[in-house]
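Q: One letter stands for each residue in the lines below.
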Amino acid sequence: MTSATRLKDHAVSFSSSRTPNQRPEFAILSDEEIGESYRLMRLIRRFEERAEESYTRGLIHGTMHLSIGQEAVAVGIVGALKPHDTITSTHRGHGHSIAKGADPARMFAEFFGKSTGYCGGRGGSMHIADVEAGNLGANGIVGGGLPIAVGAGLSAKMRKSHQVCVCFFGDGASNEGAFHEALNMASIWKLPVVFVCENNKYGMSMDISRASAVPDIAKRAVAYAMPGITVDGNDLALTRATAVEAIERARRGEGPTLIECKTYRIRGHSKSDRNLYRTKEEIESWRAQCPIERFKAEALDLGRIDAKAFDDIDAGVEAEIESAIAFAIESPMPDPTRLTDDVYAESLPHHA
Amino acid sequence: MTSATRLKDHAVSFSSSRTPNQRPEFAILSDEEIGESYRLMRLIRRFEERAEESYTRGLIHGTMHLSIGQEAVAVGIVGALKPHDTITSTHRGHGHSIAKGADPARMFAEFFGKSTGYCGGRGGSMHIADVEAGNLGANGIVGGGLPIAVGAGLSAKMRKSHQVCVCFFGDGASNEGAFHEALNMASIWKLPVVFVCENNKYGMSMDISRASAVPDIAKRAVAYAMPGITVDGNDLALTRATAVEAIERARRGEGPTLIECKTYRIRGHSKSDRNLYRTKEEIESWRAQCPIERFKAEALDLGRIDAKAFDDIDAGVEAEIESAIAFAIESPMPDPTRLTDDVYAESLPHHA
Amino acid sequence: MFTLKVFPIMRELTYAEAIREALSQAMEADPTVFTLGEDIGVYGGAFGVTGDLVHRFGTERVIDTPISELGMAGAAVGAALTGMKPVLELQFSDFVTLATEQIVNQAAKIRFMFGGKASVPLVIRMPGGSGTGAAAQHSQSLEAWFGHIPGLKVVQPSTPHDAKGLLLAAIDDPNPVLIFEHKLLYRMKGPVPEEAYREPIGKAAIRREGRDVTIVATSMMAIRSLAAAERLAAEGIDAEVIDLRTIRPMDTEAVLKSVRKTSRLMVVYEGVKTLGVGAEVSAAVAESDAFDFLDAPIVRLGGKDVPLPYNPILEKAAVPQEDEIVNAARRLVREGRV
Amino acid sequence: MFTLKVFPIMRELTYAEAIREALSQAMEADPTVFTLGEDIGVYGGAFGVTGDLVHRFGTERVIDTPISELGMAGAAVGAALTGMKPVLELQFSDFVTLATEQIVNQAAKIRFMFGGKASVPLVIRMPGGSGTGAAAQHSQSLEAWFGHIPGLKVVQPSTPHDAKGLLLAAIDDPNPVLIFEHKLLYRMKGPVPEEAYREPIGKAAIRREGRDVTIVATSMMAIRSLAAAERLAAEGIDAEVIDLRTIRPMDTEAVLKSVRKTSRLMVVYEGVKTLGVGAEVSAAVAESDAFDFLDAPIVRLGGKDVPLPYNPILEKAAVPQEDEIVNAARRLVREGRV
Ligand SMILES: Cc1ncc(C[n+]2csc(CCOP(=O)(O)OP(=O)(O)O)c2C)c(N)n1
Ligand SMILES: Cc1ncc(C[n+]2csc(CCOP(=O)(O)OP(=O)(O)O)c2C)c(N)n1
Ligand SMILES: [Mg+2]
Ligand SMILES: [Mg+2]
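Protein chains in written order, with our numbering: chain G, 60 to 411; chain B, 60 to 411; chain F, 4 to 341; chain L, 4 to 341.
Simulated from the structure, these hints should not be mistaken for laboratory data. Check the hints yourself; a few may be wrong.
[Claimed, not checked] Calculated lysine-lysine pairs in the DSSO-like style (CA-CA distance at most 27 angstroms, straight line):
#1 L:Lys186 <-> B:Lys330
#2 F:Lys319 <-> L:Lys120
#3 L:Lys120 <-> G:Lys141
From a predicted model like this one, the values you see are computed outputs, not experimental measurements.
Whenever a hint applies, use it, and build me the whole structure from the sequences.
A: Pasting the structure below:
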């Protein structure tokens, strides 16, 4: 497996392929998966749009990093995982969390600093986590999740749990030393980790062509003797199919894979970005590549799902977001007298 | 330039090639260079053997890391530099220092903790440096010199000084994040740095096959879009010719090169190594590849230099080492009341 | 809150502008000065400090780096060793955790390890502090760490005036100097002379003279302590406020002198209380002859023993606020303890 | 120097052996415990601590890592988050500078940032301290840094007994625990019970009771202080020696109690004096009601303000030695100051 083209002889059976002329990547998606993938992408999009609006309305303290335009990566990749599998996420992690099953209500609550939020208001947007559910956390440190994913992989291997860990990181993160150390360790120990680089062309204002010696991060896989694949990250079917193969490989004990998803963030880096480093034209050209619209159009074209079904999903998403925000707004603030709770876990009596 | 074979069409004129059937790498060496290269390798070898002996005699506090068996890397590479060029070295750096012109007397003095040593007794074996002479220092931190070399390259480029910096590091160091960050930065900024990996097969007890996902460190150059070359590091002529080309490239402003020199350390990692991780046979097989003997034999074979000349060099080296040790032994200890000198440089009045 | 004492007619700049002006003047005066860091070029810096510098000095002297904190710190060390004067910006001071090897093992020790035969004239600027809802990994105050390391100098300017003067002094300094700026101060305005002046590294500033209690504070806490002192004055408590400005080398003499006068000491700092800057100030006084002048225990108001929380109420509760300073000082003066 | 009080018949082990025994007992008792680090397998560890463990537990549970300190710390964090109990060995504590990001931004904060819904039961063992001629980059004592970080626990065992008991307690602890071992102690012998006992983290040990002066010391300095106390006793000075053992959370109560009795305090530690452990001990006393019991300034004997030098004479001069402790304590008791 060295390029996306290898996916053509992918072994997954085309169970739900009722329609001819489908790309094999699309064909492996069941109708249910198509609906669910669309729903999740839509949920992420609307979640972030409403988070942005909430920010403007002053409901959110601190900054946030929106992944609008990148939804097919999160949903494509995470959709290939089993529930007990794990992920490590980034500062731009709303999509990863929602794809991994996070409840938008508790996410909004966290953004609003409420005690019902994922982190009880202690973490905010950059630290959404749900370790029980396999989300080992967003991360405020660029590259911070890379070695942690190695640890999750090592742990899965030692516990023989057959879990796979997907590690998300950005193109900018690939220049951190942590990237190098993590990929090397995962490779020598053949750990069940899939490294997913969301190459959205920029690390904040740094164009990848200025920041990285190679334009394709997947090329760096050579240095770790692992497969490296570059795919169109705005093509959900492709990210899913690529992830399925890499995850299976990892689960078989054959080691890690580096998947690079070329995508684009439509919004600024954070709320204070004035977009001085890129052109309107560039942004517009990518907006036209909206992963959600592309996916929907292909499914409609192929007659896999009809327009009404999509409309129903949209309506469901709106309702969910609406009630999520309401929940978050109504939730109580944390009690400042409990500030120092949760710094330490209580020591249990030892098993002598 | 992607492999050592490319060196065959190397452009350097064979000025001193009086003898037919020479390898081009050997032919580019003048007689003087042959003599001087031999002398330096010999000097390093005898320096370290005598340092070892001094250690056994209790003259040396602390540990030391011997490069016996690796002399052709230091001398081959550094011999291709101009005097104003710079190097960064490692914990196993005696050879680099001597090749860069360090005085063995001041090195022994440093080992013995004397005030006449390179660091006034403050640094010891692991911190020999002579910044004025272009030796930016040995380093006790594995990988520590890699980003420093990037800075030296950046500085040379900004000052338009046409200096090149050679950065030595080990196979073990290539798994540090610093390696990754340094090579990427040197490449994107096209800095005049030549990265020289002394792959002696082990990082302490870790065989490279267990520590690194790839057996040839030079392969990692792909990740930084720079040439990567693996050479026999026990072949002085080859290391020299490879360095000449890489250094010229750097000096022309075309950016960094990664040269991997396969070699072997005959001694243990440090004085406390019990060699539990390798076999006697392996050590013996490498001892037979002694870079000094190989070089001498080839020169003799080709009739480039006669046996008498080598003997004279050997005698000169013995005499130099003898007087160096005597100097070091006779030198005074540093004054403990001046302990805190040199923590800070004195601030000069500002140029307002 | 900061009156125009020394300079009768003075232009005002923000703290961020003052830093930019210092950088610009240093780069104009000395071709070996340059600056590097993440997004400091066309983006102008995450907090807008470098602003338009790249347009004035070009991308060769205002260098955007990849996200490689260890590498860029090392590159700055190497450049400093070989004739340049780099000014490195770390985007948040929390990321210094990735660069400590180069700062602590290399920059700080090279001169000593090399027997005094080299120097590392390096400046690292980095924003610390809480108050922006950036949560635990973007709000720390780690200056105490570096105050513990011989070979480094560590400063914390609290005014635009000092931000400029200390940066210019740091660039002149032949030693590695770390500057902890404060996020909440970047937009604060104050008088700043136009010429390229220096403020001495290692000198505290007495921001307010007083007789009842000595308040030693750093960075944002110096601002809050000064405001608290004005409120205390209204209650008849006359507090002396010392802005430490430099953590290493610390101006212990200024503190001792004040304590000999007031007999009461309170240290206010944002970093975690335990093993923070206040521990050193307190210990330096407790081991000195000023100890005999102390009429009451030495009070430390530091950051709570907790990572910085995201929620703004919790965040405020985690570091000293003006009210707390007023209350603590009042109790210290009135009741002899807090 | 360490008398057999509690256990009448006791086997002696070296400090290194005691650590190995703790590791081995923990790994036997709990399949989720494993250890990783550089050269800890067939090499047996740079200081021989892991020894033959790899032969007993295999390369899957005694894992040699590449030279990637940040990566291995992160791997330990990730493993700890997902059900394992890693014990990481850093070859020298100086290399922790490469791993501080994972330790300080991740391990220490994850529980809090995640709202108490995760924990990181991670142990990091690392040798610190000077005395072996390893020079500035291999001799530091950086425990004060980590004592400043909420979310971490930091211990410094000074005896084989504590090395074992504290390591077992650390492995049980659901929080990240950093253990600073001391190079010079590895070969020191002392009584060590065979069973898998725990020493409580956060409890100081009174090594010697006394009435004239309280000496609070850590690690190697606890050993030196105890020896000094014996010499002082011969001069009629009765010193109480408290081995702090845990830096965070600090057992301030034990120190206060002693100071209330002796009225004089001296803190002896090897880390750099400024902003070192002694600053916190001193400040904790100076802010407490024990302040009123103090008859003299609080003395700190810490490492000199200098990187550790190579030359053995200089190296000795850089950190407190027995003579210095004796002299300082004598002056403190006799003259009321040092
Ligand atoms: C260690 C570290 N360095 C710098 C930053 C500041 N920062 C946050 S996100 C970011 C850009 C990251 O780029 P990339 O990895 O491509 O992710 P993207 O933002 O594009 O999703 C930077 C520089 C940080 N949070 N952590
Ligand atoms: C950051 C760091 N980690 C670990 C060490 C301990 N150490 C010193 S040398 C060494 C092995 C280095 O291997 P390599 O880079 O191959 O160099 P070699 O010793 O083979 O010359 C190790 C682990 C160190 N000095 N610095
Ligand atoms: Mg990006
Ligand atoms: Mg090696």
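Q: Determine for every hint whether it applies to the structure shown.
A: Hint check:
A hinted pair counts as satisfied when its Cα atoms are at most 27 angstroms apart, and Lys186 of chain L with Lys330 of chain B qualifies at roughly 16 angstroms. Pair hint Lys319 of chain F plus Lys120 of chain L holds up; C-alpha atoms about 23 angstroms apart against a cutoff of 27 angstroms. A threshold of 27 angstroms between alpha carbons decides the hint, and for Lys120 of chain L with Lys141 of chain G the separation of about 22 angstroms falls inside it, so the pair holds.
Consistency with the previously given hints is maintained throughout, with no hint failing.
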